[in-house]
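*Asks:* Protein chains in written order, with numbering that gives the first Met the number 0: chain A, 0 to 402; chain B, 0 to 290.
Keep in mind that the hints were calculated from the coordinates and are not lab data. What you are looking at is a predicted structure, and each value in this text was computed from that prediction instead of being measured. It is possible that some hints are incorrect.
Said to hold, decoys possible - Not the full set, but computed from the structure, chain A residues with beta-carbon under 8 angstroms of chain B:
hint, residue
1, P42
2, P209
3, P238
4, C249
5, L367
6, S371
7, P372
8, D374
Think of the CB as a built atom: it goes at the ideal place given N, C-alpha and C, for glycine as much as any other residue.
The residues making up each chain are set out below.
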Amino acid sequence: MKLRTLLASAAAAVLMTGAASAQTVGVTDTSIKIGNTSPYSGPASSYSVIAKTQIAYWKAVNAAGGIKSADGKTRKIEMISLDDGYSPPRTVEQIRKLVEQEEVAFTFNTLGTPTNSAIHRYMNAKKVPHLFLATGASKWGHPEKYPWTIGFQPTYDVEGEIYAKFALENVENPKIAILFQNDDYGKDYRDGFLRGLGDKAKDMVVKMLPYEVTDPTVDAQVLEMAASGANIFFNVTIPKFAAQAIKKSCEIGWKPLHLLNNVSSSVGATLRPAGLECSKGLVTTQWQRDPTDPQWAATDGFKEWAAFMDASLPDADKGDINYAFGYNAVKLMHHVIANCADFSRPGIMACAANVKDLQLPMVLPGVLINTSPTDFYPVQAAQLSRFDGTGWALFGDIIDASE
Amino acid sequence: MDLFFQLTLAGLAIGSIYACVALAVVMIYQATDHFNFAQGEMAMFSTFICWTFLGLGLPVWVAAVLAIGTSFIAGLIIERVIIKPVENAPVLNQIIVFIGLLMIFNNVAGWIWEFTIKPFPSLFPDDFGFKSELIGPHHMGVIALTLTVLLLIFLFFRFTRVGLAMRAAAANPDSARLVGISVGWMLALGWGLAAAVGAVGGILVAPIVYLEPNMMSGVLLYAFAGALLGGVSSPGGAVLGGLIVGVLENWLGQYVPGGSELKLTFALILIVGVLLFKPAGLFGRVVIKRV
């Protein structure tokens, strides 16, 4: 009898520790393992600073002891970030490695539209949380179909719609030229914009030209658009091509209402190379605080970010808004981990879908993060902004597309 | 009609840059029978070196000349240190070395100078004394300088001892060796010259496409198309091929419906088409090898 009790309690003890360690892959009482892919090489490598910022951030957090979560435990964060070269097949390979060999608890801020598209089904089939993707495509917010994938930044099509409404209200007899990148990103913007124009879109759009990321220049497209007599130019290009288009249209004296997608709105990365004088009058939408905009320098959020940058990434070019983007995303992740009590995979997903009115340090004041089990679009508000030759000047109200 | 001339002249300017890179590719091809896939990245690296000199406060022409000189020496060293040991290795090994170089240059540049785009000053003044609606001063300068470089290369290979020796070493290494030409060093010299010509291309294209580690990747593909079209054994043909590709690419976008989407496809079709139907290109010699 005595022996039996002993055996039973021993078995129970084994079962209990078994239960504890079987919690979630990648999560222990003292650590969480996070996976990430980022283009450290290849055509999109300028975005790799996002992941670099986040790794530096976790390092600082770990040095300060870790994150105390709602379950009372304090954990250190190990983020494993692998290079996918912005190439979808490599993303698949790297993500499989992260999930199956490294055994991460979830992935965070994996970068790129084509790359995330390639792992979308895999993550959902494996039931691994695929959190806060660094892409503005609209397909990351469908919890009914893809319950394990949640986006982050405002979607491109919503932003496109905002530009269309602005153009219709402000230009008489609009004749529109659109230059877009020939992929999901460019088409999302284009389609949102066309939807915003409504029924009259066909008559108003006089020129719609694509370009490929591999093209050396878009000069020829700009010449064509200028010759079409358009008075509105919707510019859906990444920084390099945006700078080319701004410079070329300035050189040939074409002066339409120039709507520039937020993707390329960085003063340091796009407008300065294009020429500040040529950039005057550009209109974009913003949802983050541009680090080169002096109006934010005195705000608490900016000071917090700048202090982090000085301490952790002293050599970085603080004019690059991607450092702010990376910081915003990692702060959201920090918030979710700190407020989570259930670290099973469904629990982590539920925590990510339960953020209420969170103000991130480098997001515009008043643009709040909200998620719910039916709302997988964390940021859905933005404000229009015009370039005055030195910085972006916000105008109008914050436009919340979720309403 | 203005648009036609604008597109044609812009095409000639960007075509000139394809031509520079195509010329560099052809120079190495002639000597070694291989395409140097790293040619574009070497040119990009040279441009960054020029940018570094500019950062030291040197005037743009001085920086450019220094960068071209540095590239020449670097090309020479690359041949001696990296290419020579695999000289007699199978083709595949050599191609892997070229692709390795491509990736190394790309990533090292990103690591040193970061991936954000950088404005790069033009070698030419804002004003040549006359202005045209059809073409900007930089584009004019690009076309003129490319043609000058071509002329210099032509004169060099035709009328100088070293140039003739290099041609001999490429055309018939054994006989060249017998008359006392150091074939190995001639190859190295070829690499140096190719690197220098590539550097000219990089420095000319950077003010248009902005300086960043990936600026030459697109250019290289079109340069290959140009080199093949003109003929891989003909430097003059390669230059003409580059110009033709630049102009055709622009016309295609405007005058063929949906042409903007087909630019890249066009370059690839050109490559495949030339290889299938006229492997020697428009101006190349047909090489017959005895086996």
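*Asks:* So, for every hint listed, does it hold in this structure?
*Replies:* Against the structure, the hints come out as follows:
no.	hint	in the structure
1	P42	5 angstroms, holds
2	P209	5 angstroms, holds
3	P238	6 angstroms, holds
4	C249	11 angstroms, violated
5	L367	30 angstroms, violated
6	S371	36 angstroms, violated
7	P372	38 angstroms, violated
8	D374	34 angstroms, violated
Hint check: violations occur at hints 4, 5, 6, 7, 8; the rest are consistent with the structure.
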